Amino acid sequence: MSEITAPAYRIIPIIPALKPGAMESARSFVANDKIQETIGFPGQLVDNWHDRAIVKMGELLGKYRSLKVYMDACVHCGACSDKCHYFIGTQDPKNMPVARQDLMRSVYRRYFTLPGKLFPKLVGARDLTREVLDEWYTYFYQCSECRRCSVFCPYGIDTAEVTMAAREILDSVGYGQKYSNEIIGKVHKIGNNLGLPGPALLDTLQGLEEDVKEASGFDVRFPIDVKGAEVLLITPSADFFAEPHIDSLIGYAKVFHATGTSWTLSSKASEGGNFGLFIGNYEHMRKIALRIREAALELGVKRIVVGECGHAWRVAYSFWNTLTGVGEGADENDRFAMMLQKQLDHRYKQPVHICEFTWDMIEKGALSFDKEANDKHIITFHDSCNVARGSRMGEFAGGQFEIPRDIIKAVANNFVEMSLATTREQTFCCGGGGGLLTDDLLDLRVKGALPRMEVLQQVVDEHGVNFMATICAICKAQFTKIMPIYGFDRRMVGGVHQLVSNAIRLGAK
Amino acid sequence: MASIEVNGKTYETDEEGYLVNLADWNAEVANYIAQTEKINMTDQHWEVVNYLREYFEEYQIAPAVRVLTKAIGKKFGAEKGNSEYLYGLFPYGPGKQACKIAGLPKPTGCI
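From first to last, the protein sequence lines are chains S and B. Take the first sequence: its position 423, counted from the start at 1, is 423 in this note's numbering, and no numbers get skipped. Take the second sequence: its position 79, counted from the start at 1, is 79 in this note's numbering, and no numbers get skipped.
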């Protein structure tokens, strides 16, 4: 593998010069037949892929009215074109959101509109050839579905949904991505993206109890499969495995300990992440989410709390209600959803984000902190795309922006904002979201992180920032990997509950 | 399917050079994979690789980074029980790079 280097920071952050074809060879590995067939997709590209792809596209256009609107509504105004971190970092014009969507829109016109059927050349309609299909695979796996471009679209076109539809069509003809689809197979089989079996999980959690005891002197528990616990914590499996993720897991446990909350993890539902969303596949998304319902019913919990994972929270907040019956709006004919509705305690929000849980306890005065414990850190906060643009927290608009910041300010003395053009609803993706957090796309990930790294550098230079907090497992893993390539220390990245963990008083109150 | 050839014998790997069959692993294969990763295997590297294989045999997965650092610290001296030491040995990240050399499957997910 050739050496991957970071692109230079832009002196003036304007639309970069175009480099057509710059990323045409950046293709993540295609799933093999074993991976594909395990999750019910054709193993290889099927012989009649062209016809099946068009049929599938028609099916999706019928099922998702939004997709049809997005295909028709774009006027090519260009407002989105320079809003994508991958375009900024790679300069490949096909990474302009409008151009990426047009890979599908041109095919839509050819097969689903009258002018496209009659006069394809006049309206920019294209046949779905093998070259076009390959182009789809290449560039729809260079989109992290972060939806920053959608914020700037005057028509509100959700480009992530277009990417999801394209991936769904590709999967249906046997053209899947190794990274995402292998992971989906593991969740169905073992219960989490990592493939971490129960005994290994138990061993890890026991080790954590020892570590926390040694470091703090307190018996903080990491319970698993405890029937009758009040809270079921659903968190990304990376929290059990990776650095710095695990430090936030310790933070959640300390919050539960200090507030006297009975809680449990589940070996069956040991994954918050849901890659079914990334590939736009409703059935997989539902099947993954149903593990959580099963675990909640078996354990008899009253509340479901979600850990620091961006797309897990989007799925939980926006889709769990109809998928599983967590939250309002479950299908009345779905017996288990109704059972869960009855079981959960509706004096509380369902589901609730760990940041909402912690902030609520802080406001009630149930937690206290030694803020000085975080004095070595000058902290900034990176909003994760799926939390920022796909969900909410708290009882007021923008709660998903304020609550994590409020927690940081409650547990630490030094907090600095990055440029407002790159935070909150305008936040840039970390560069590794949406199923792209794989080594075979490292070059793309490094380039895609450029705009975030530019503004991080600013606050490092101006304010001496040395810690970037975030609430997403993908962001944490992505930054840990790519920041050294930009000359930053990988330990500059961590979770909000890592900061909570540093400062929380376990004995007092 | 990709493959590597070590001492005249062919071993099946995935696209990224991870061994497909765990049972294929041996010291020569490990040395060969290490070379492709630009790592010169020392006793310190072997300590980590052997521990990974032991852990995998018991749990069917590589250990969490924290479990690994703790175990290495306990077994081989406290000065080795930190992730800086492990990153020093395996610059691409102890999780993935050391697993590859140990012939274990690549850990997947948000890591």
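The hints are simulated quantities; they were obtained by calculation from the structure and are not laboratory data. Every value quoted in this text rests on a predicted model; they were computed, and no experiment measured them. One or more of the hints may lead you astray.
To be verified - Footprint (simulated), chain B over chain S, 3 or more residues, beta carbon under 8 Å: (1) 138-147; (2) 203-210; (3) 278-290; (4) 320-330; (5) 443-453; (6) 467-479.
C-beta: ideal position from N, C-alpha, C; glycine also.
So, against the hints stated earlier in the document, which numbers end up violated here?
Of the numbered hints given earlier, those the structure breaks are 1, 3, 4 and 5, listed in rising order.
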